[in-house]
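Top to bottom, those sequences are chains A and B.
The C-terminal residue of the first sequence carries number 121 in my numbering, and the numbering is unbroken.
The C-terminal residue of the second sequence carries number 516 in my numbering, and the numbering is unbroken.
Hints were generated in silico from the structure; no laboratory data involved.
Glycine included, C-beta positions come from ideal geometry on N, C-alpha and C.
Among the hints, erroneous ones may be present.
What the hints assert, rightly or not - Reference excerpt, derived from the structure (chain A facing chain B, CB under 10 Å, subset only):
#: 1; residue: Ala25
#: 2; residue: Ile26
#: 3; residue: Leu90
#: 4; residue: Gly91
#: 5; residue: Phe93
#: 6; residue: Ile103
#: 7; residue: Arg115
Unchecked claim - Here are the simulated distance ranges between beta carbons:
#: 8; chain 1: A; residue 1: Phe63; chain 2: B; residue 2: Pro41; range: 28 to 34 Å
#: 9; chain 1: B; residue 1: Leu24; chain 2: A; residue 2: Tyr81; range: 24 to 30 Å
#: 10; chain 1: B; residue 1: Val51; chain 2: A; residue 2: Thr66; range: 30 to 36 Å
#: 11; chain 1: A; residue 1: Gly31; chain 2: B; residue 2: Asn123; range: 45 to 51 Å
#: 12; chain 1: A; residue 1: Thr104; chain 2: B; residue 2: Ser107; range: 33 to 39 Å
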Amino acid sequence: MSLSPYIPIVGLFALGAGFALFSVAIAPFVGPRRYNRAKLDAYECGIEPTPQPIGGGRFPVKFYLTAMLFIVFDIEIIFLYPWAVSFEALGVFGFVEMVLFIITVFVAYAYVWRRGGLDWD
Amino acid sequence: MTTDIAAETLKLPSLDYAALAPMLILFGVGCVGVLVEAIAPKKARFPVQLVLAVLGIAASLTAIVLAAGTEKVTAAGAVAVDGPGLFLQGSIAVLGLVALLLISERSLERGGAFVAQAAVTANSEADRDQATRGSGATEVYPLIIFSLGGMMLFAAANDLLTMFVALEVFSLPLYLLCAMARRRRLLSQEAALKYFLLGAFASAFFLFGIALVYGYAGRVDFAGIHAAVLDSPNDIALLYIGLAMVAIGLLFKAALAPFHVWTPDVYQGAPTPVTALMAACTKVAAFGGLLRVLYVAFERSQWDYRPVLGAIAVLTMLVGAVLAVTQTDIKRLLAYSSIANAGYVLVGVLAISKAGLASSLFYLVAYGFSVLAAFGIVTLVRDADGEATHLSRWAGLGRRSPLYATLFTFLLLAFAGIPLTSGFTAKFGVFAAAIEADQTWLVIAGVITSAIIAFPYLRVVVMMWLSEPGESTPAVSLPGALTAAAVTIGAAATLLLGIVPQPLLDMTENAAHFVR
Numbered sequence: 001m002s003l004s005p006y007i008p009i010v011g012l013f014a015l016g017a018g019f020a021l022f023s024v025a026i027a028p029f030v031g032p033r034r035y036n037r038a039k040l041d042a043y044e045c046g047i048e049p050t051p052q053p054i055g056g057g058r059f060p061v062k063f064y065l066t067a068m069l070f071i072v073f074d075i076e077i078i079f080l081y082p083w084a085v086s087f088e089a090l091g092v093f094g095f096v097e098m099v100l101f102i103i104t105v106f107v108a109y110a111y112v113w114r115r116g117g118l119d120w121d
Numbered sequence: 001m002t003t004d005i006a007a008e009t010l011k012l013p014s015l016d017y018a019a020l021a022p023m024l025i026l027f028g029v030g031c032v033g034v035l036v037e038a039i040a041p042k043k044a045r046f047p048v049q050l051v052l053a054v055l056g057i058a059a060s061l062t063a064i065v066l067a068a069g070t071e072k073v074t075a076a077g078a079v080a081v082d083g084p085g086l087f088l089q090g091s092i093a094v095l096g097l098v099a100l101l102l103i104s105e106r107s108l109e110r111g112g113a114f115v116a117q118a119a120v121t122a123n124s125e126a127d128r129d130q131a132t133r134g135s136g137a138t139e140v141y142p143l144i145i146f147s148l149g150g151m152m153l154f155a156a157a158n159d160l161l162t163m164f165v166a167l168e169v170f171s172l173p174l175y176l177l178c179a180m181a182r183r184r185r186l187l188s189q190e191a192a193l194k195y196f197l198l199g200a201f202a203s204a205f206f207l208f209g210i211a212l213v214y215g216y217a218g219r220v221d222f223a224g225i226h227a228a229v230l231d232s233p234n235d236i237a238l239l240y241i242g243l244a245m246v247a248i249g250l251l252f253k254a255a256l257a258p259f260h261v262w263t264p265d266v267y268q269g270a271p272t273p274v275t276a277l278m279a280a281c282t283k284v285a286a287f288g289g290l291l292r293v294l295y296v297a298f299e300r301s302q303w304d305y306r307p308v309l310g311a312i313a314v315l316t317m318l319v320g321a322v323l324a325v326t327q328t329d330i331k332r333l334l335a336y337s338s339i340a341n342a343g344y345v346l347v348g349v350l351a352i353s354k355a356g357l358a359s360s361l362f363y364l365v366a367y368g369f370s371v372l373a374a375f376g377i378v379t380l381v382r383d384a385d386g387e388a389t390h391l392s393r394w395a396g397l398g399r400r401s402p403l404y405a406t407l408f409t410f411l412l413l414a415f416a417g418i419p420l421t422s423g424f425t426a427k428f429g430v431f432a433a434a435i436e437a438d439q440t441w442l443v444i445a446g447v448i449t450s451a452i453i454a455f456p457y458l459r460v461v462v463m464m465w466l467s468e469p470g471e472s473t474p475a476v477s478l479p480g481a482l483t484a485a486a487v488t489i490g491a492a493a494t495l496l497l498g499i500v501p502q503p504l505l506d507m508t509e510n511a512a513h514f515v516r
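One chain only, chain B, in its complex shape:
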């Protein structure tokens, strides 16, 4: 009898495989990557994994391009495939591919930037041994592929539960990757533990927020929440507290103040290629999720959340800019810079308009390319003990290696938003959208903090060009082909998006429509 009842009520979800293909391909490739780890002989793993990962991401990107123009909700309402979703997925794939080049570099450091066994006690004999020789773990490839797949799902999730699962799928591999730096093992382990503990807290907030929103709306899908905001008989306080807690989870991932505290420590301790991946791809994914939640599910509450998130944007820009001034480590400086930049993206997001959505998408891509190239150069400035990240070591770098100092100067100017760089186009876009939406106060804060944060950038520039190289100034290592390619792509994109931004601007403009 029971089966008959089940047969009547049970409806199988319709799956649009073409629209889901970008994520399915990556998850499939991730599983194959784990099998390669299990079966392939040790020597063969690195080339096999590299080829597999590149092909996987390329295939996923192809599927995204083929799906362009799709606007539908599929998999029983769990996944929305629309303009912003596909654009974000495409950005994650492209930026992930460039980050993968940095991650795969093995000529700077014998065996790559990763250790074979991250659990070995730091500073023990076995640890020193594996730091100086031995090939790094190739498990990083499946981890990165799973993480990228999770990010893509996060940007396309159409209900809060799918979003939570995607959040965990892309976060858990990142926690592990942070712990695998070849040098400065203690810092790396500390970074991973901090990121994990705080990330778990943020996930708990997010999950509890989902429960409260469900209590208010009776649904977890975004269309249902959207409908319930207008006519739910339940106490509106449930909605406010729920939205606040969901937002905390998202703001944590996007590293917005006051939920940014993990960022400098994690960015500093993690292996630099992984830091680049986090600064570029995780930011895209986190803002993708935030955009969808704010624009699709809670659009009708915008008058309630806009002032609060506006205050958070101002605080983020201020904290990022002011604390960047005091930094003495290049990776921490770039971390605070990424916090400030997250604040600028939030200004665009808070326009709550088509222009706001389009300019935020543009900003995320432009910043992603610049930050990948910047961290790529950080991996090159090194001595026998690994990367020389203390700022004093960068003094006089312009004399030692003019090419890389010029490139880094250019990237810093892009972060500062100087015209003819992508940073200018991107900032102009978000500020214009915010003014159009009567959020002038955010723009005023944005301009003031841009002036403040230009100071630490220029200080690095002055240091590189106007000081004499000291004894401790390391020579810049000759990059391998992979790092050179990644830095070139990042810097070229920064320049191109500054001079001829129109194709990408048109693309974001066309993509900027969410399906509900």
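If we strip away everything but chain A, and leave its shape as in the complex, we get:
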């Protein structure tokens, strides 16, 4: 088996690694240094990971809920797209299956909605 089809991939990998290393290495020399509070945060949005009260304490899970809901719909789209492309070939059977799939997704959605998963506060 010839390995030649993989050479472009290796090339791309080297290019990517080179770019990342170059960016990190050059930044301290050419970039301006203006510090502010946001720059020292671990993340620019979401929950501050530190400091935490001793023994844990409570933290809001609304970001996680949003992310998980997003994934649910994301997955749904992933399945909808190929179905839409070959809609004619799949025919009525595919249509019924897809409707069943969407209904089950909405069962989960209805649960989240009724239980207050969509309320921000």
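For chain A, the structure is supplied; the task is to place chain B on it using the hints.
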């Protein structure tokens, strides 16, 4: 143009709805259960969910009975409906129904054995508040129904990918259920986290094993793997490593040593009714999957895997028996007992014969009923702080409540394999099958470990009957109708399968043929 090509090559799978009905019904009922949670008012949820779950499982069981005798592969080769598959599905439905009775008990503890919100920080004020009052979460019903549906699919899966999906479907609800005990919240959360992390590891092993087997066979369906074992041009090492990793995933779920380490912690921390469900139904499902993989897909590799799995069976029986001796908590003791029993089932499985298959099926059902009744009694021995699981608290229980001590003694004797109990018939069956298949060394190990594990059982019996009840010996709570029914069914089945095992033996004998 593209659609034309698709139309030519695309073949829609033929679905035999009658054969798939047991699983479809449960998944449908699970979805309705989630909707009930979303829509029904809080007060109505518990009765509605209970009725819905019981009817759902009963309908599923009816569909299984109606499908009896079917032998076919359906859904594009993803699901095999055959004797062992239907028998296992039926066992899962019946044992699940009995476990559901334990789970639904609300007279022992106000609001049931579950908390409303498992994510509340343990020992916080809100947590103490929800432990003492407030109705438990009724989400457990859809979770259990989904889990049972996944187990049924797992026992009938005819390719490795379907099997993996089924594994996740029945495991994920169990992880959640483990975290929902009303009392001893930290233990419960620890159990759930441990089970989840280790279960995720095992799933990863299983998935990587699938990839390697696919690399060897070029197929993931069991018939394809079976054919490839004979004539695949690929390196045989791929097959061995793949099979080993797939087996690790299955052995983990069946709690066989050295992949058993999670069992005592999880069985102890989980709410006792859920422990009963896991010990009975998960074991049936896990062995169902293991049987199908070993008998259908890798039958031709049996000379390679038999010694390894034989060593695992011996190790499992030894670990279960020896460590049971040192336990001081009744739930942990029963957990090690279930590990040892898994070893005995594996002895039957390793006969790789019709008799081995039939005796393993019988063992799983017999053990399932006994363990459900045993954990049912554990839920009854309690004081103001919940269940009294430390063994010292069981001292003198025979004087306080002779009925339940007698029942528990009977169940322990069944676990020990004393004649006239189902434990004897079951053990006799697997050992006879193993001797027939020239696996005498497994039987010798089995008999020796049976003698060892009889000791902890008898110690509990002696404790209950021959010690004086101390101040800390709790009185046995009067069981509600549901727990009483579950314990009665479990104990009656243990007795009946010991005295008149023939109907079930005939059933397993007739069922013991896999379709490929």
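Open item on the list: Quick check on glycine 91(A) please, does its C-beta sit within 10 Å of some C-beta on chain B?
Closed with: Since chain B brings a Cβ to about 8 Å from glycine 91(A), closer than 10 Å, the hint holds.
TODO: Please test the hint of 28 to 34 Å on the beta carbon pair from phenylalanine 63(A) and proline 41(B).
DONE: holds, 30 Å
Task: Hint check for asparagine 123(B) and glycine 31(A) - Cβ pair distance inside 45 to 51 Å - done: Roughly 49 Å apart at Cβ, these two residues keep to the hinted range, so it holds.
TODO: With a cut-off of 10 Å on the beta carbons, see whether alanine 25(A) makes it to chain B.
DONE: violated, 36 Å
Open item on the list: Given a cut of 10 Å on the nearest C-beta pair, is the interface hint for isoleucine 26(A) held or broken against chain B?
Closed with: violated, 39 Å
Open item on the list: Quick check on arginine 115(A) please, does its C-beta sit within 10 Å of some C-beta on chain B?
Closed with: Since the shortest Cβ distance to chain B is 7 Å, the answer is holds.
Open item on the list: Against the range 30 to 36 Å, how does the distance between the Cβ atoms of valine 51(B) and threonine 66(A) compare: consistent or not?
Closed with: For threonine 66(A) against valine 51(B), whose Cβ atoms are near 35 Å apart, the range 30 to 36 Å holds.
- [ ] For the range 33 to 39 Å, tell me whether the beta carbons of threonine 104(A) and serine 107(B) fit it or not.
- [x] holds, 35 Å
Task: chain B contact restraint for isoleucine 103(A) - C-beta distance below 10 Å - done: Given a least distance of 8 Å, the restraint on isoleucine 103(A) holds.
Task: Given hint phenylalanine 93(A) near chain B, where the shortest CB pair must fall under 10 Å - done: Cβ of phenylalanine 93(A) sits 5 Å from chain B, so the hint holds.
- [ ] Go through the hint on leucine 90(A) and say holds or violated, using the shortest Cβ distance to chain B against 10 Å.
- [x] Leucine 90(A) check passes; min Cβ-Cβ to chain B is 7 Å, inside 10 Å.
Open item on the list: 24 to 30 Å was suggested as the range; check whether the CB atoms of leucine 24(B) and tyrosine 81(A) agree with it.
Closed with: holds, 26 Å
Violated hints, listed in ascending order, are 1, 2; each of the other numbered hints is respected by the structure.
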